[in-house]
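There are 2 protein chains.
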Amino acid sequence: MVSTSIQGIIFSIIAAQPILVIGFSGPLLVFEEAFYSFCKSQDIEYIVGRIWVGMWLILIVIIIVAVEGSFLVKFISRFTQEIFSILISLIFIYETFNKLIKIFKAHPLVLNYDHLNISLDNPFHILVTEHSVLDHHGNLTIHEIERAYPNTALLSICLMLGCFFIAYFLRHFKNGHYLPGLIRRLIGDFGVPIAIFLMIAIDFNIKDVYTQKLVVPKGIKVTNPKVRGWFINPMGENKPFPIWMMGACCVPAVLVFILIFLESQITTLIVSKPERKMVKGSGFHFDLLLLVTMGGIASIFGVPWLSAATVRSVTHANALTVMSKGPKPEIEKVIEQRISGIIVAIMVGASIFMEPILKMIPMTALFGIFLYMGITSLSGIQMWDRMLLLITPKKYHPAEAYATRVKTMKMHLFTAVQLVCLGLLWVVKMSAFSLALPFVLILTIPLRMFMTGTIFTPLEMKCLDADDAKVTFEEEPGVDVYDECPLP
Amino acid sequence: MVSTSIQGIIFSIIAAQPILVIGFSGPLLVFEEAFYSFCKSQDIEYIVGRIWVGMWLILIVIIIVAVEGSFLVKFISRFTQEIFSILISLIFIYETFNKLIKIFKAHPLVLNYDHLNISLDNPFHILVTEHSVLDHHGNLTIHEIERAYPNTALLSICLMLGCFFIAYFLRHFKNGHYLPGLIRRLIGDFGVPIAIFLMIAIDFNIKDVYTQKLVVPKGIKVTNPKVRGWFINPMGENKPFPIWMMGACCVPAVLVFILIFLESQITTLIVSKPERKMVKGSGFHFDLLLLVTMGGIASIFGVPWLSAATVRSVTHANALTVMSKGPKPEIEKVIEQRISGIIVAIMVGASIFMEPILKMIPMTALFGIFLYMGITSLSGIQMWDRMLLLITPKKYHPAEAYATRVKTMKMHLFTAVQLVCLGLLWVVKMSAFSLALPFVLILTIPLRMFMTGTIFTPLEMKCLDADDAKVTFEEEPGVDVYDECPLP
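Protein chains in written order, with this note's numbering: chain A, 9 to 496; chain B, 9 to 496.
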């Protein structure tokens, strides 16, 4: 929260495109998890390794900006982006249920809990919850041995699904016809906080059931003050950091850079699409330099690096957009300024002092929100739409180029190839080589190139793999893809 | 089940309109509950009282048929029908949550269940579940004193809401675009059994949590063979039945008759509407005579009387309807026969021997289905649509006569009057006078007559209170209500 607030304020003040909202995103979370597992398996201090990744990051961004490297993005087509987006959604959904299963294992459904808890004294039958702490080496260890409680597992699933369904219902409610528009949109926009609040109320009123709560530090301090301070020693905190690893950190640095580059580039394209009629242009190279440099410096303090957050940035831009009145409203202008971004960043910082409220939130209600985010983010992805077309009769296919200008079987084949790639990425993610995920993702680029002209004609590929934002780095930016696609 | 099967077979063989499906319906359930409470409070044998109600029923139906009494139905307009329909839905929904609260009281959410169950020996702190049996007087008494179990209450709510949401989702799935039409409709039509089956599977796999199961007799026998046999003594089973009550039973008989008359009449109208192009006409008086006489005789055996079941009959008629091919399918004909009705009735009887499967059904899954039925049956009621219009901005109001030809405030006033009537009926239902419910319902008929010409003009009333089936007993049956309604 400290990192998001401070970096957000700096970015809003000096960035070339202050409409962007920066934050910690799903892909970065996957990377941090993978890098953490890797460090743990190699007995290396993760928090120190991050500094070296950060230093390499700064070096990489300077080189890329020096050679005006953003042209590289044109190789990353929708084909690759969509596989990645669905992977992120799947990870969100998977993690939710994974955590729920852990709760069921810690608090099983039995008739007599005393029998279970008596065996706490017996070292061969200990039951432990996921309450864990960092030990002196900075590694997570199981510390507290907790009792198994009745009703905990089922209340957790109720809070999770309750939170999910309420947030989901309010999202649909927003697009419905009930209540005047302003109140309806307000309820819809605050659907997630409303859902969390209701779950807090339920959890608070059920006093005799144990549920795990959100752990928040009191005031500004690091997550675990016993183990580290605000400044991380790049030579190692508790043991010397291996020299070879300082160089080897350039590999994960390339991976993080790919993630930040990809997400920030796509976000900039979507936010500054021509329909929005923005007056101020974007400065992609400057913003990338700023973002990655701030991230590199952040790693010295042991706080996360950030990227431009797609959903938050688009929501920000939409909120600032003024529509013309009339039956067919068009975008009139966008109120371009730096104030709103600064206010958002300050409010993120202020929430640090809301610990008395935040610590009342049951963790499982947040799992419900993760599930909500995973499922709702699927709906905007064309590959997901095409996956649903696999089980949709042809007469209901949409009037989109990918469905009308390409033979149905060819479209299904394209979807199937993406599904195979997704499956492979999932296997990599679940394996010991999860750190290699960005590399495997990049392999989909030559695959797409290989398929163009062999399995799919270039025109078919243009329809199936058309850019969403319609702002491409192609030679003919003015040509509408739809007009070029042949009828089947 | 014996009653439904035998009466169903007889009705299908000799009824004038064998497309009707007869069964035990919501309004009859409300009556039986009210009559049971009344008998209990007066210390009268309920099962014997039903015989006298049955005898009076036969007398009433003979009189009504002799004077061709079905003209009476024209007084019962949509205004009254809708209030009654919503009341039934509300009762369904209320009962579901009421039963859930009972489970939470019997199995509270506490940390230590042994503490609770130790007090079973202490008469001042007994915890009892709703496992109850009929005593020698035929009254329900709390019999078994059961332990409070962990996880039971929360698993019950999970099974109930799980069953509700799956059935609800599959209902929507049926109207969606996924999977080929035949498979989609099949899944949609069997949504309720699929939902129940899934809940059985979940409940079966959670071995160490107690849930109450459906109680089904093994083979053909009465519900409680200890207390009564197949033949009820009209003079009293365990004590003499009071003479004055034999005469007084004509009052509840009138109430039951109103219910059966109302529901059967409406069902016949809907099933035999002209669009369906049925060749064989209906014989309302004959069917009513048959139905009520069978019901009266059934009461001697202590089994329920039945009425024509609206939803089941319409589903039956629709299943037999042959549509013409083409872009605008129209009804071609209805396969009118007696076989399908007989098969349905025989299968109801056959399910008596499915006790090994039925006894696996957790009761709370059925509560979920009651909730589903309560909520889904709301959607077909115009009064419910108008209640939603109370919170819908005017621009989204539908292009229906009641919304376009009447001033919005007048429409809302009409809805408000109905809501007040509904509230009054609810108060009566919850009070000690719940048996008087049909009488209070009938009072809405003079209220509607009073409002016509005073608060609402006759034309406004025609738009607001238009008959759904468009087969009315009015003088000008050919006139479309819509054409007559004035623009506001």
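What the hints contain is simulated information worked out from the structure, not anything from laboratory work. Everything numeric in this text was worked out from a predicted model, so none of it was measured. You may find that some hints are simply not true.
Same chains, same names: a pair is fine if it fits in one copy or spans any two.
[Unchecked claim] Lysine-lysine pairs mimicking DSS-like chemistry, simulated, CA-CA at most 30 Å apart:
hint, residue 1, residue 2
1, K221, K367
2, K113, K82
3, K110, K221
4, K281, K437
5, K288, K341
6, K288, K110
7, K82, K182
8, K226, K402
9, K437, K229
10, K234, K367
11, K215, K226
12, K110, K402
13, K247, K229
14, K418, K182
Structure-based check of each hint:
1. For the identical chains of this complex, K221 and K367 are intra-copy neighbours only, at 6 Å inside a copy versus 39 Å across copies, given an alpha-carbon limit of 30 Å.
2. In this assembly of identical chains, K113 and K82 lie within 30 Å of each other by CA distance neither inside one copy nor across copies; the values are 47 Å within and 63 Å between.
3. Taking the shortest alpha-carbon separations for K110 and K221, both the intra-copy value of 15 Å and the inter-copy value of 29 Å come in at or below 30 Å.
4. Within a single copy, K281 and K437 get their C-alpha atoms no closer than 33 Å, and across copies no closer than 61 Å, so neither meets the 30 Å cut-off.
5. Proximity of K288 to K341 under the C-alpha cut-off of 30 Å is restricted to the intra-copy arrangement: shortest distance 11 Å within a copy versus 67 Å between copies.
6. In this assembly of identical chains, K288 and K110 lie within 30 Å of each other by CA distance neither inside one copy nor across copies; the values are 49 Å within and 64 Å between.
7. Taking CA atoms no more than 30 Å apart as the test, K82 paired with K182 passes in neither setting, with 36 Å inside one copy and 42 Å between copies.
8. In the homo-oligomer, the alpha carbons of K226 and K402 never lie at most 30 Å apart, since the shortest distance is 57 Å inside one protomer and 50 Å across protomers.
9. With identical chains, the CA atoms of K437 and K229 are never at most 30 Å apart, being 32 Å at best within one copy and 60 Å at best between copies.
10. In this assembly of identical chains, K234 and K367 lie within 30 Å of each other by CA distance solely inside one copy; the values are 20 Å within and 58 Å between copies.
11. Taking identical chains as interchangeable, the C-alpha atoms of K215 and K226 lie at most 30 Å apart only when both belong to the same chain, with a minimum of 23 Å there against 43 Å between chains.
12. With identical chains, the CA atoms of K110 and K402 are never at most 30 Å apart, being 42 Å at best within one copy and 50 Å at best between copies.
13. Within a single copy, K247 and K229 get their C-alpha atoms as close as 23 Å, which meets the 30 Å cut-off; across copies the closest is 80 Å, which misses it.
14. With identical chains, the CA atoms of K418 and K182 are at most 30 Å apart between copies only, with a shortest distance of 28 Å across copies and 37 Å within one.
Hint compliance for this structure: hints 2, 4, 6, 7, 8, 9 and 12 are broken, all remaining hints hold.
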